Amino acid sequence: MKQNQVWFVTGASKGFGFEITKAALKAGHKVVATVRSNPGRLSSQFNSKDLFVVVLDVTKEGQVKDGVKQAIDQFGRIDVLVNNAGFGLLGAIEEISDSEAKRQFDTNVFGLLNVTRAVLPFMRKERLGHIINISSVLGYATLFPGLAIYSATKFAVEGISEGLSLELEPFGISVTAVAPGLFRTDFTSSDSYQNAEAELEAYKDTVGLRRVAVKDLHGNQPGDPAKLASVVVQIASGDHPPRHLPIGRDSVAAIRAKYNSTAKEVDEWEELSSSTDHAVVA
Numbered sequence: 001m002k003q004n005q006v007w008f009v010t011g012a013s014k015g016f017g018f019e020i021t022k023a024a025l026k027a028g029h030k031v032v033a034t035v036r037s038n039p040g041r042l043s044s045q046f047n048s049k050d051l052f053v054v055v056l057d058v059t060k061e062g063q064v065k066d067g068v069k070q071a072i073d074q075f076g077r078i079d080v081l082v083n084n085a086g087f088g089l090l091g092a093i094e095e096i097s098d099s100e101a102k103r104q105f106d107t108n109v110f111g112l113l114n115v116t117r118a119v120l121p122f123m124r125k126e127r128l129g130h131i132i133n134i135s136s137v138l139g140y141a142t143l144f145p146g147l148a149i150y151s152a153t154k155f156a157v158e159g160i161s162e163g164l165s166l167e168l169e170p171f172g173i174s175v176t177a178v179a180p181g182l183f184r185t186d187f188t189s190s191d192s193y194q195n196a197e198a199e200l201e202a203y204k205d206t207v208g209l210r211r212v213a214v215k216d217l218h219g220n221q222p223g224d225p226a227k228l229a230s231v232v233v234q235i236a237s238g239d240h241p242p243r244h245l246p247i248g249r250d251s252v253a254a255i256r257a258k259y260n261s262t263a264k265e266v267d268e269w270e271e272l273s274s275s276t277d278h279a280v281v282a
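Numbering follows the numbering used here, with no gaps: position 158 of the sequence shown is 158.
Simulated from the structure, these hints should not be mistaken for laboratory data.
Treat the hints loosely; a few may be bogus.
The calculated EDC-like cross-link candidates involving lysine to aspartate or glutamate, where the alpha carbons are at most 16 Å apart (straight line), are [to be verified]:
(1) K125 / D79
(2) K26 / D50
(3) K102 / E197
(4) K69 / D79
(5) K258 / E158
(6) K60 / D106
(7) K227 / D250
(8) K14 / D224
(9) K2 / D79
(10) K204 / E94
(11) K125 / E167
(12) K69 / D57
(13) K125 / E169
Computed Cβ-Cβ distance ranges for the label pairs, DEER-style [to be verified]:
(14) G76 / V55: 19 to 29 Å
(15) A263 / R41: 41 to 51 Å
(16) K69 / L209: 46 to 56 Å
(17) T206 / D239: 44 to 54 Å
(18) G76 / G238: 16 to 26 Å
(19) Q3 / R41: 25 to 35 Å
(20) S48 / W269: 53 to 63 Å
In this text, all values refer to a predicted model and were calculated from it rather than measured experimentally.
Beta carbons: idealized from backbone N, C-alpha and C, even for Gly.
Turn these sequences into a full structure, and let the hints guide you.
Pasting the structure below:
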């Protein structure tokens with residue numbers, strides 16, 4: 001098991017980021033935790049010499065580079081990067097404005113890329129490291145109406161993680177995309193989750209019902225965030241981490257169902273799908 005690691009965790013003020021920071025410190029690691037504001041609050045919650053809090057917004061590339069430099073100056077290296085910062089957006093595609101969709105991608109996808117690019121030169125120099133990207137079960141299957149844009153960002157995270165893993169393997173750097181199901185965090189709080197400003201009457205029986213369901217679900221999700229954090233620390237401490245990891249029984253079941261459904265559809269349409277090649281010339 002790897003010990004005395006230096007972790008860099010984005011979005012650490014609450015939710016998964018907070019719990020992962022807590023678990024990594026408890027395991028004896030050093031943690032650079034990023035927040036968008038009020039760094040003193042997080043510092044006082046842990047009161048640990050092994051915690052260094054940095055203020056940055058992942059969508060601002062200059063802030064990201066400066067935050068990573070501060071981390072290196074403080075602890076000398078970064079062994080584990082946890083790209084956790086993100087938020088949810090609920091709305092039908094027709095309801096979501098261009099600016100809302102871009103803001104969703106700016107944080108969940110381009111913010112992740114900003115942080116990853118800033119950290120990679122230091123990991124490559126050491127020829128070791130582990131990048132853990134917090135994705136979602138919705139990165140495999142858009143399970144409900146109204147989640148297409150958020151789900152698209154998580155599909156992107158899964159694809160980026162897989163490609164990044166292939167690129168970084170020669171440098172001894174691992175990449176894991178973690179896909180949680182429903183966990184009892186404050187994901188539905190105003191700074192973690194947003195509804196599209198427009199609400200069209202046409203979608204009241206689909207997306208509208210989902211808006212109500214989200215409110216009812218809050219506080220009743222099956223997953224325990226502290227247990228997820230423990231899993232993340234475990235995989236970062238091992239020598240052969242997975243490339244993809246669903247977390248939560250609901251995530252495992254949903255991803256398995258998606259794969260089975262896709263395989264069935266491929267089989268049903270195989271003859272037509274395979275009819276597009278050039279005829280074999282004798």
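Consistency of the hints with the structure:
no.: 1; hint: K125 / D79; verdict: 11 Å, holds
no.: 2; hint: K26 / D50; verdict: 10 Å, holds
no.: 3; hint: K102 / E197; verdict: 14 Å, holds
no.: 4; hint: K69 / D79; verdict: 14 Å, holds
no.: 5; hint: K258 / E158; verdict: 15 Å, holds
no.: 6; hint: K60 / D106; verdict: 9 Å, holds
no.: 7; hint: K227 / D250; verdict: 15 Å, holds
no.: 8; hint: K14 / D224; verdict: 14 Å, holds
no.: 9; hint: K2 / D79; verdict: 10 Å, holds
no.: 10; hint: K204 / E94; verdict: 13 Å, holds
no.: 11; hint: K125 / E167; verdict: 15 Å, holds
no.: 12; hint: K69 / D57; verdict: 15 Å, holds
no.: 13; hint: K125 / E169; verdict: 14 Å, holds
no.: 14; hint: G76 / V55: 19 to 29 Å; verdict: 21 Å, holds
no.: 15; hint: A263 / R41: 41 to 51 Å; verdict: 48 Å, holds
no.: 16; hint: K69 / L209: 46 to 56 Å; verdict: 47 Å, holds
no.: 17; hint: T206 / D239: 44 to 54 Å; verdict: 46 Å, holds
no.: 18; hint: G76 / G238: 16 to 26 Å; verdict: 23 Å, holds
no.: 19; hint: Q3 / R41: 25 to 35 Å; verdict: 29 Å, holds
no.: 20; hint: S48 / W269: 53 to 63 Å; verdict: 56 Å, holds
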